[in-house]
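Chemist: Residues per chain are reported as follows:
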Amino acid sequence: MSKNEIISAENNITKKDFLKVFWRSFTLLGSYNFERMEALGFNYSIMPALSKIYKDDPDGLKEALRRHMEVFNMTVAPSTFVMGISIAMEEQYKRDPEHFDPASINSVKMALMGPLSGIGDTFFWGIFRILAAAIGVSFAQTGSIVAPFIFLLLFNVPHFLTRYHCLFIGYRNGNSFLQKVQSSGQMNLFTYCAGIVGIIAVGCMIATQISVSCPLSFTISGTEIVLQEYLDQIMPRLLPLTATLIVYHFLQKKVRVGVIMAGIIIVGFLCGVLGILC
Amino acid sequence: MTIEIWQALLIGCVAALTALEGDFLGECKLREPLVTGFLVGLILGDVRQGIIIGGQLQLIWMGATGIGLSAQLDIGCGGTIGTAIALMTNSGAEVAMAFGLPVSILMQSLNVLKMTGFSGIMHKVDRYAEEGNMKGMIRLHYFCGFITFLLYCVPTFVSVYMGSGLVQTVVDSLPQWAMDGLTAVSALLPALGFAMLLQILMETKLIPFFIVGFVVAAYTDLTMLAITLLAVAVALVMYWLKSDRPAGTLAYEEEEDL
Numbered sequence: 001m002s003k004n005e006i007i008s009a010e011n012n013i014t015k016k017d018f019l020k021v022f023w024r025s026f027t028l029l030g031s032y033n034f035e036r037m038e039a040l041g042f043n044y045s046i047m048p049a050l051s052k053i054y055k056d057d058p059d060g061l062k063e064a065l066r067r068h069m070e071v072f073n074m075t076v077a078p079s080t081f082v083m084g085i086s087i088a089m090e091e092q093y094k095r096d097p098e099h100f101d102p103a104s105i106n107s108v109k110m111a112l113m114g115p116l117s118g119i120g121d122t123f124f125w126g127i128f129r130i131l132a133a134a135i136g137v138s139f140a141q142t143g144s145i146v147a148p149f150i151f152l153l154l155f156n157v158p159h160f161l162t163r164y165h166c167l168f169i170g171y172r173n174g175n176s177f178l179q180k181v182q183s184s185g186q187m188n189l190f191t192y193c194a195g196i197v198g199i200i201a202v203g204c205m206i207a208t209q210i211s212v213s214c215p216l217s218f219t220i221s222g223t224e225i226v227l228q229e230y231l232d233q234i235m236p237r238l239l240p241l242t243a244t245l246i247v248y249h250f251l252q253k254k255v256r257v258g259v260i261m262a263g264i265i266i267v268g269f270l271c272g273v274l275g276i277l278c
Numbered sequence: 001m002t003i004e005i006w007q008a009l010l011i012g013c014v015a016a017l018t019a020l021e022g023d024f025l026g027e028c029k030l031r032e033p034l035v036t037g038f039l040v041g042l043i044l045g046d047v048r049q050g051i052i053i054g055g056q057l058q059l060i061w062m063g064a065t066g067i068g069l070s071a072q073l074d075i076g077c078g079g080t081i082g083t084a085i086a087l088m089t090n091s092g093a094e095v096a097m098a099f100g101l102p103v104s105i106l107m108q109s110l111n112v113l114k115m116t117g118f119s120g121i122m123h124k125v126d127r128y129a130e131e132g133n134m135k136g137m138i139r140l141h142y143f144c145g146f147i148t149f150l151l152y153c154v155p156t157f158v159s160v161y162m163g164s165g166l167v168q169t170v171v172d173s174l175p176q177w178a179m180d181g182l183t184a185v186s187a188l189l190p191a192l193g194f195a196m197l198l199q200i201l202m203e204t205k206l207i208p209f210f211i212v213g214f215v216v217a218a219y220t221d222l223t224m225l226a227i228t229l230l231a232v233a234v235a236l237v238m239y240w241l242k243s244d245r246p247a248g249t250l251a252y253e254e255e256e257d258l
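In order, the protein sequence lines correspond to chains H and V. The first sequence finishes on residue 278 if you use this note's numbering, and the numbering steps up by one all the way, no holes. The second sequence finishes on residue 258 if you use this note's numbering, and the numbering steps up by one all the way, no holes.
These are computed hints drawn from the structure, not numbers from a lab. C-beta: ideal position from N, C-alpha, C; glycine also. Hints are not guaranteed to be accurate.
Claimed, not checked - Taking lysine to aspartate or glutamate pairs in the EDC-like style, the calculated list, with each CA pair at most 16 Å apart, reads:
| # | chain 1 | residue 1 | chain 2 | residue 2 |
| --- | --- | --- | --- | --- |
| 1 | H | K62 | V | E131 |
| 2 | H | K52 | H | E35 |
| 3 | V | K114 | H | E5 |
| 4 | H | K20 | H | E5 |
Unchecked claim - Calculated Cβ distances over 10 Å to all of chain V for the following chain H residues:
| # | residue |
| --- | --- |
| 5 | A9 |
| 6 | S217 |
| 7 | E229 |
| 8 | L270 |
All chains should be built: construct the whole structure from the sequences, respecting the hints.
Modeler: This is the structure in structure tokens:
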């Protein structure tokens, strides 16, 4: 596909313009702040399209720039989907300003932020990052130089693909696509199956990557008893599993992460000094 | 190891990169300790040890996901400074953790200040938007990036360059019992990360798969990659069983075989 391929004939928006939006979308968090969050980043990303749509209409452009300074905040990878849908809606407004209410552009953006962030966080923070890091760490343990590269590749290939395709899917058939996905329950099933991979990986990492063990030993009537050997007979990696489940229990009880961390540091340090854990 | 001024400057740049990666490179995860460990190792001339320490820090911060509460940790800057200090003092991941953890908490507070400050800039952006001044808006967008660069690069440079002698003294004077305590903490802390992951992923329907993952890893010698591939296979089977494709009849037959 050539870069000059026309994507939107009515406003002469080319593939090149969409690629600009794609690359600019990487800076979404650049000016993140508590008041408008990602608004300026979002605005900057879709500017190439906006300036084509409102080429001969400076007032329309100003209005659009102001419109997209409203609060926007979502997980970054699928954010291009919302950009695509916004561009399509801006075109719709330009085409039919009498009947199209521009306020609906921001309502659609607001409506998409939550659900898309939920899906995006699960996949990118919960699954891709974990799998990539887990496999990267297993290489890093021997100091292998490929470790950081494997990690970055495993994470960023799905990341870049999602970002790229979401832009075009959002632009071409954003609304119908969402309706289809939500009504058929395909997304739930997909998330569930991805969750299977994620949860197996987490179970696996709890067994292999938490190194805590108990070095206590006693001598009873001439025989040395090493506690860890008995623990291993019950089940290997019992201590890492127990520790994780205890922390999980506190997290479920909504104890603050900082408090839990302080607790782990104090308990861990004392147990280390006393020779109970290492 | 004494640190040259250019090494400290480059480490400052790595710290800035971990912040700008999220802001301007679409969260492509250059901030993770696996990557910063490699970069800091490269700068200080010990790539192998850098990657090993990075890998261990990665486990400690596995659950620092940047969502909600857990965003209290700036793992990018913490990992960079922690690894640098461990390499400079010829020590292991325990020391990296002992210095990196406070840094990651401190930098997150600085981050909160930064995001508050940027709110003020938005009013200027509003004015530019009313004038249709796109160039001005873009300039401010990148100006924020410049501020972020300074906020991360300068403190990291100063603390790594000025603090290296002091840190060496502290590390040298640590008694054995304190090192034992730190070792136990760094062995135990990954549990927090994995528990936080469980919190994101866990639902009742997934418990059987969690058990499978743990048991396979605990009782066999299969590597992480092998288990992950098995997990993908299991997930595919579940997908086909549950999706109501035209091949639905086939799906039922398979279910009976199981």
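Chemist: Would you mind confirming whether the straight-line C-alpha gap from K62/H to E131/V stays at or under 16 Å?
Modeler: holds, 7 Å
Chemist: Measuring Cβ to Cβ, find out whether A9/H lies farther than 10 Å from everything in chain V.
Modeler: Label holds. Min Cβ-Cβ 24 Å, cutoff 10 Å.
Chemist: Could you grab the alpha-carbon distance between K114/V and E5/H and see if it respects the 16 Å cut-off?
Modeler: violated, 41 Å
Chemist: Over 10 Å to the closest beta carbon of chain V is the bar; see if S217/H clears it.
Modeler: With a cut-off of 10 Å, S217/H remains clear of chain V, as the shortest Cβ separation is near 16 Å.
Chemist: L270/H clear of chain V by more than 10 Å, beta carbon to beta carbon?
Modeler: It is violated; L270/H is separated from chain V by about 7 Å at its closest Cβ, not greater than 10 Å.
Chemist: Please confirm whether E229/H is truly not at the interface, meaning its C-beta sits more than 10 Å away from all C-beta atoms of chain V.
Modeler: About 16 Å separates E229/H from the closest Cβ of chain V, which puts it past 10 Å; holds.
Chemist: Taking only the CA atoms, is the gap from K20/H to E5/H under or equal to 16 Å?
Modeler: holds, 14 Å
Chemist: Check whether the Cα positions of K52/H and E35/H lie no farther apart than 16 Å.
Modeler: violated, 29 Å
Against the hints set out earlier in the document, violations occur for numbers 2, 3 and 8.
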